[in-house]
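Colleague: Make a model of the complete structure from these sequences and hints.
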Amino acid sequence: MTRFPEILQILAATYPTAQTALNHDSPFQLLIATILSAQCTDERINIITRKLFSACPTVLEMDQLSISDLEDYIRSAGLWQTKAKNIKATCHKLIYTFEGSVPKTREELMLLPGVGRKTANVILANAFGIPAIAVDTHVHRVSNRLGLATAKKPEQTEIILMQHIPEQLWAKAHHWLIYHGRKICKARRPLCNNCPLNKLCPSATL
DNA sequence: AACTCGGGGCA
DNA sequence: TGCCCAGAGTT
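All residue numbers for the first sequence refer to the numbering used here, where the first residue is 14 and numbers rise by one.
Treat the hints with caution; some may be incorrect.
Unchecked claim - Lysine-lysine pairs mimicking DSBU-like chemistry, simulated, CA-CA at most 30 Å apart:
id, residue 1, residue 2
1, K185, K165
2, K117, K64
3, K64, K196
4, K117, K106
5, K212, K166
As the list claims (entries may be wrong) - Label pairs and their computed distance ranges (CB to CB):
id, residue 1, residue 2, range
6, P179, C205, 25 to 33 Å
7, S89, K166, 24 to 32 Å
8, R16, I108, 42 to 50 Å
9, C205, I143, 32 to 40 Å
10, L92, P18, 33 to 41 Å
11, M123, Q52, 17 to 25 Å
12, T71, K98, 19 to 27 Å
13, D82, Q181, 38 to 46 Å
14, A26, S67, 31 to 39 Å
15, G142, P70, 18 to 26 Å
It is worth saying that the hints were derived from the structure and are not from the lab. Even for Gly, the Cβ is constructed at its ideal location relative to N, Cα and C.
Modeller: Structure (structure tokens):
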């Protein structure tokens, strides 16, 4: 595990401005965009949220939409029946349980319909700057390929990353690993020839 | 732990 | 045409 510092240093130098690829102007908008992002590419989510947030920038306005209205906005995201229902319920809960603002703890965030551990960690790290590592499919895949974690479950990978990455780097590591997974260390055809980590990676095929 | 939801992009 | 995608909820 002594390879952590070197890998983090390379990632930091490679992705100095890495940030979430989801459009948002507020914690609420990031929350909605992240709920929508399940099993869907971020480019399509950004097309949807551009229209949705233009019409309903805040929770109070979005809560006025019916589930049917929401379905019309988000249909191209896939899983639209569940997501529309969850977004409607989440807006309602934000207003009547959390006084209209997005809560800042993982436990409270996970009380919102459609918000699991991964989504909650994304909100904590990106919206509030609270140290958290969202181990989505990208982070999980990259960590395992690099040999940083040998874990079947994302929860195990999250624990290992937290143990070996300094806490002040958690939010950044989250950005780096997700961005690297999207652009280089792709699930299908990883671009190992263009990867700054290929000399350190036991899975690299050059 | 396995199953289901789902339209769109890509091979 | 078949496979896969910034997961979460249910059983």
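Colleague: Work down the list of hints and note, for each, if the structure agrees.
Modeller: Structure-based check of each hint:
1. K185 with K165: Status holds; Cα separation ~23 Å.
2. K117 with K64: OK: K117 and K64 at ~27 Å, within 30 Å.
3. K64 with K196: Holds - the C-alpha atoms of K196 and K64 are around 26 Å apart, at most 30 Å.
4. K117 with K106: OK: K117 and K106 at ~14 Å, within 30 Å.
5. K212 with K166: It holds: about 26 Å lies between the C-alpha atoms, which stays within 30 Å.
6. P179 with C205: 25 to 33 Å: 27 Å, holds
7. S89 with K166: 24 to 32 Å: 31 Å, holds
8. R16 with I108: 42 to 50 Å: 47 Å, holds
9. C205 with I143: 32 to 40 Å: 34 Å, holds
10. L92 with P18: 33 to 41 Å: Since the Cβ atoms of L92 and P18 sit about 39 Å apart, the hinted range of 33 to 41 Å holds.
11. M123 with Q52: 17 to 25 Å: 19 Å, holds
12. T71 with K98: 19 to 27 Å: At roughly 20 Å between Cβ atoms, K98 and T71 fall inside 19 to 27 Å, so the hint holds.
13. D82 with Q181: 38 to 46 Å: 42 Å, holds
14. A26 with S67: 31 to 39 Å: At 37 Å between Cβs, range holds.
15. G142 with P70: 18 to 26 Å: 22 Å, holds
Comparing the model with each earlier hint shows no violations; every hint is respected.
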